[in-house]
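K.L.:
Next come the chains, spelled out residue by residue.
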Amino acid sequence: MAHELTAPPRPGRGDQTEQRPSPLLRIVPPGLYAGRARMLVERSFLVNRRSWLAVVSGFFEPLFFLFALGLGFGTLVSTVTGPDGQPMDYVAFVAPALLAASAMNGAVYDATINIFHKMRYAKLYDAVLSTPLGPLDVAVGETSWALLRGGLYAAGFVVVLLGMGLVSSAWGLLALPAALLVAFAFAAVGMAATTFMRSWQDFDLVNLAVMPLFLFSTTFYPLSVYPRPLRIAVECLPLYHGVALLRGLVTGYVHWGLLGHVLYLVLMAVVGLLVATKRIARLLLR
Amino acid sequence: MTAADSLLVHASGLVKRFGDVEAVRGIDVGVRRGEAFGFLGPNGAGKSSTMRMIACVSPRSAGELRVLGMDPQRDGPRIRARLGVVPQQDTLDNELTVRQNLQVYGRYFGLSRDTVRRKAVELMEFAQLSDRAEDQVEPLSGGMKRRLTIARSLVNDPELLLLDEPTIGLDPQARHLLWDRLYQLRHAGVTLILTTHYMDEAEQLCDRLVVMDGGRIVAEGSPAELIARYSTREVLELRFAPGHQRDALPVVATLADRVEVLPDRLLLYTADGEASLAAVHERDVRPASTLIRRSTLEDVFLRLTGRSLVD
Ligand SMILES: Nc1ncnc2c1ncn2[C@@H]1O[C@H](COP(=O)(O)OP(=O)(O)OP(=O)(O)O)[C@@H](O)[C@H]1O
Ligand SMILES: [Mg+2]
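Residue numbers (the UniProt record's numbering), protein chains in the order written: chain W, 1 to 286; chain S, 1 to 311.
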């Protein structure tokens, strides 16, 4: 009876597309990258197609913060020293920082808990790595998704800022790509950190790291508040650079120094990706 | 073209270490294009470790390995593009439906959306899962998941199919169906490498096989060759009430080339089962039941991988 059933698929090479990594990626050790990270983004899109709730909640969260901290606080503290040294409206001061923080939060959440589950329990990457895709495809694909999701929140946030008249310069439109960069950097580092976690308890460490970042990265008051040694410490924090970049763009105080922040975040993203790639290879390709 | 070129998989002195554990201890294997090749061996013999190295998802610790003429270390993605892999443990995507599993997996191989849509339909027929197309994978039965894993491995029309215990958890119908499918694939020119604990499966499917034990290859050949080399033509089984088989052992030991002691029976390896049975009765041994059969791969396996052997 089995003979009447459908014939098996014929072997043949027909549909495969030839892949050729870009010159930049030739520096990556061979075998780690197939140049097809977007397939993982596609997968994430399929999986999350119906999770509008997460998107909506992700959008409202920074909004609530903006109202509570900005408007509530703002009635007590009306002005604060802006990035250009001039006094500025407190809400306008806090808003871009909250945008940076929400980009960070979204990315970290996606890149840690979700990826830990997929790596340790769902065995997703074991399946993925048995196809042409390599660890770098996984790292890039998964961070890109975290970034897209963060980008979606950021876009909503920017719209709100525009609506509230908190964007005082055309440079403010660059806030969106800048927020994406912040999300990218934190997603990459978050994913790298996740590869070192052994159990769910270890995620308390993530909270332990994210909370002070959120509070102390000049989110709520300018750097000048701190005594000098602390200032230097704060200037080393990654979110500080995200906040400074976004605040500069949104308030229209644009200067070459902003490129320094961009560079910091780009480096952070690259290092995060490379570490995550190495670790995925080490953990799953044994 | 040298002999090595026609080998789809060529390993020499292949070693795999996990820390102090040496899972594979220097094996030499050559798999020719178009054949069905089997790895047999007890638990922990190193079969999966070998399969994973061939699948380019586990770097070798020492030795040489070429798959499809390429080096897994350097050309992993290019090799994997032409492989189909059924791992010992299912790695289905539990966040996707049956159909999506096939489609998304196909996309990892760079197949177009149209192609994967078509492929998914075809493969769901193949795995007899068409009526579950839109179901999540999680609640499927174990055998269904296995069938889906096997179907998934075919999405890229592989030249070389690696099956690590493919029929584990399948009911007899599904097993026979899979065997039939594997025949067809081989007929279509696909090279198969499989591991199994079912000797009938190995005998049915494999042109050639190796028996591994403790990380080494202890025998190699076609099923018929192995039976001829390591076993006798016939086997006389004497069944006893558990425990009583040992009492009879000294009496019958000289009647066969070799005697194997199992918990409830003795296996007498002999060229002529009838004659041996007559001799057994002559010596006044009264087993609960007897059976004369031809030697199978199972007998070879028992001999090579060691149970209490009495020569
Ligand atoms: N990832 C790993 N880390 C450490 N040791 C491992 C790992 N994988 C396999 N081993 C060890 O290598 C040896 C061979 O294991 P392997 O899985 O290759 O055996 P197998 O022949 O497939 O057995 P089975 O029939 O049970 O599937 C075992 O001793 C096992 O404990
Ligand atoms: Mg195994």
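Hints in this document: simulated from the structure, not taken from any laboratory.
It cannot be assumed that every hint is accurate.
As the list claims (entries may be wrong) - Just the calculated beta-carbon pair ranges, DEER-fashion:
{"no.": "1", "chain 1": "W", "residue 1": "286", "chain 2": "S", "residue 2": "172", "range": "47 to 53 angstroms"}
{"no.": "2", "chain 1": "S", "residue 1": "70", "chain 2": "W", "residue 2": "126", "range": "45 to 51 angstroms"}
{"no.": "3", "chain 1": "W", "residue 1": "198", "chain 2": "S", "residue 2": "113", "range": "28 to 34 angstroms"}
{"no.": "4", "chain 1": "S", "residue 1": "169", "chain 2": "W", "residue 2": "235", "range": "56 to 62 angstroms"}
{"no.": "5", "chain 1": "S", "residue 1": "172", "chain 2": "W", "residue 2": "200", "range": "54 to 60 angstroms"}
{"no.": "6", "chain 1": "W", "residue 1": "45", "chain 2": "S", "residue 2": "228", "range": "37 to 43 angstroms"}
{"no.": "7", "chain 1": "W", "residue 1": "200", "chain 2": "S", "residue 2": "89", "range": "20 to 26 angstroms"}
{"no.": "8", "chain 1": "W", "residue 1": "235", "chain 2": "S", "residue 2": "214", "range": "20 to 26 angstroms"}
{"no.": "9", "chain 1": "W", "residue 1": "45", "chain 2": "S", "residue 2": "13", "range": "54 to 60 angstroms"}
{"no.": "10", "chain 1": "W", "residue 1": "84", "chain 2": "S", "residue 2": "136", "range": "41 to 47 angstroms"}
{"no.": "11", "chain 1": "S", "residue 1": "62", "chain 2": "W", "residue 2": "200", "range": "47 to 53 angstroms"}
{"no.": "12", "chain 1": "S", "residue 1": "42", "chain 2": "W", "residue 2": "211", "range": "50 to 56 angstroms"}
{"no.": "13", "chain 1": "S", "residue 1": "221", "chain 2": "W", "residue 2": "286", "range": "30 to 36 angstroms"}
To be verified - Straight-line alpha carbon distances no greater than 20 angstroms define the calculated SDA-like cross-link-like pairs of lysine to any residue that follow:
{"no.": "14", "chain 1": "W", "residue 1": "123", "chain 2": "S", "residue 2": "141"}
{"no.": "15", "chain 1": "W", "residue 1": "123", "chain 2": "S", "residue 2": "131"}
{"no.": "16", "chain 1": "W", "residue 1": "278", "chain 2": "S", "residue 2": "142"}
{"no.": "17", "chain 1": "W", "residue 1": "123", "chain 2": "W", "residue 2": "286"}
{"no.": "18", "chain 1": "S", "residue 1": "145", "chain 2": "W", "residue 2": "198"}
{"no.": "19", "chain 1": "W", "residue 1": "278", "chain 2": "S", "residue 2": "73"}
{"no.": "20", "chain 1": "W", "residue 1": "123", "chain 2": "W", "residue 2": "67"}
{"no.": "21", "chain 1": "W", "residue 1": "278", "chain 2": "W", "residue 2": "170"}
{"no.": "22", "chain 1": "W", "residue 1": "123", "chain 2": "S", "residue 2": "115"}
{"no.": "23", "chain 1": "W", "residue 1": "123", "chain 2": "S", "residue 2": "264"}
{"no.": "24", "chain 1": "W", "residue 1": "123", "chain 2": "S", "residue 2": "142"}
{"no.": "25", "chain 1": "W", "residue 1": "123", "chain 2": "S", "residue 2": "286"}
{"no.": "26", "chain 1": "W", "residue 1": "123", "chain 2": "S", "residue 2": "42"}
{"no.": "27", "chain 1": "S", "residue 1": "145", "chain 2": "S", "residue 2": "132"}
All values derive from a computational prediction rather than experimental measurement.
Where is the CB? At the ideal position from N, CA and C, for every residue including glycine.
K.L.:
If a hint holds in the structure, say so; if it doesn't, say that too.
P.N.:
Quick rundown of the hints versus the structure:
Restraint check, residue 286 of chain W to residue 172 of chain S: a C-beta distance of roughly 35 angstroms breaks the suggested window 47 to 53 angstroms. Our hint of 45 to 51 angstroms for residue 70 of chain S and residue 126 of chain W is violated, since their Cβ atoms are close to 22 angstroms apart. Taken as a hint, the range 28 to 34 angstroms is violated for the pair residue 198 of chain W and residue 113 of chain S, whose Cβ atoms sit roughly 39 angstroms apart. Distance hint check for residue 169 of chain S and residue 235 of chain W: the Cβ-Cβ separation is about 58 angstroms, which falls inside the suggested range of 56 to 62 angstroms.
A beta carbon spacing of about 41 angstroms between residue 172 of chain S and residue 200 of chain W contradicts the range 54 to 60 angstroms that was offered as a hint. Look at residue 45 of chain W against residue 228 of chain S: about 58 angstroms separates their beta carbons, and that is not inside 37 to 43 angstroms. At roughly 22 angstroms, the beta-carbon separation of residue 200 of chain W and residue 89 of chain S lies within the given 20 to 26 angstroms, and the hint holds. The hinted range of 20 to 26 angstroms is not satisfied by residue 235 of chain W and residue 214 of chain S, whose Cβ atoms lie roughly 59 angstroms apart.
Residue 45 of chain W and residue 13 of chain S have their C-beta atoms about 46 angstroms apart, which leaves the hinted 54 to 60 angstroms range violated. Residue 84 of chain W and residue 136 of chain S have their C-beta atoms about 55 angstroms apart, which leaves the hinted 41 to 47 angstroms range violated. For the hinted restraint 47 to 53 angstroms between residue 62 of chain S and residue 200 of chain W, the CB-CB distance of approximately 37 angstroms leaves it violated. Taking the beta carbon of each, residue 42 of chain S and residue 211 of chain W are about 53 angstroms apart, inside 50 to 56 angstroms as hinted.
Judged by the Cβ atoms, the range 30 to 36 angstroms given for residue 221 of chain S and residue 286 of chain W holds: they are separated by roughly 31 angstroms. Note on residue 123 of chain W and residue 141 of chain S: the hinted pairing holds, with a Cα-Cα distance of about 18 angstroms set against a maximum of 20 angstroms. The hinted pair formed by residue 123 of chain W and residue 131 of chain S fails the criterion: a straight-line CA distance of about 26 angstroms is larger than 20 angstroms. With a C-alpha separation of about 34 angstroms, the suggested pairing of residue 278 of chain W with residue 142 of chain S is violated against the 20 angstroms cut-off.
A distance of roughly 14 angstroms separates the Cα atoms of residue 123 of chain W and residue 286 of chain W; the hinted pair therefore holds under the 20 angstroms criterion. At most 20 angstroms may separate the alpha-carbon atoms for a hinted pair to count; residue 145 of chain S and residue 198 of chain W exceed this at roughly 28 angstroms. The straight-line distance between the Cα atoms of residue 278 of chain W and residue 73 of chain S is roughly 15 angstroms, inside the 20 angstroms bound, and the hint therefore holds. Taken as a hint, the residue 123 of chain W and residue 67 of chain W pair is broken in the structure, with Cα atoms around 41 angstroms apart against an allowance of 20 angstroms.
About 41 angstroms separates the Cα atoms of residue 278 of chain W and residue 170 of chain W, which puts this hinted pair outside 20 angstroms; it is violated. With a C-alpha separation of about 26 angstroms, the suggested pairing of residue 123 of chain W with residue 115 of chain S is violated against the 20 angstroms cut-off. For the given pair, residue 123 of chain W sits about 42 angstroms from residue 264 of chain S by alpha-carbon distance, which is inconsistent with the 20 angstroms threshold. Taking the CA atoms of residue 123 of chain W and residue 142 of chain S, the gap is near 16 angstroms; set against the 20 angstroms cutoff, the hint holds.
Note on residue 123 of chain W and residue 286 of chain S: the hinted pairing is violated, with a Cα-Cα distance of about 55 angstroms set against a maximum of 20 angstroms. A distance of roughly 26 angstroms separates the Cα atoms of residue 123 of chain W and residue 42 of chain S; the hinted pair therefore is violated under the 20 angstroms criterion. Taking the CA atoms of residue 145 of chain S and residue 132 of chain S, the gap is near 11 angstroms; set against the 20 angstroms cutoff, the hint holds.
Figure legend: structure checked against the earlier numbered hints; hints not met, in rising order: 1, 2, 3, 5, 6, 8, 9, 10, 11, 15, 16, 18, 20, 21, 22, 23, 25, 26.
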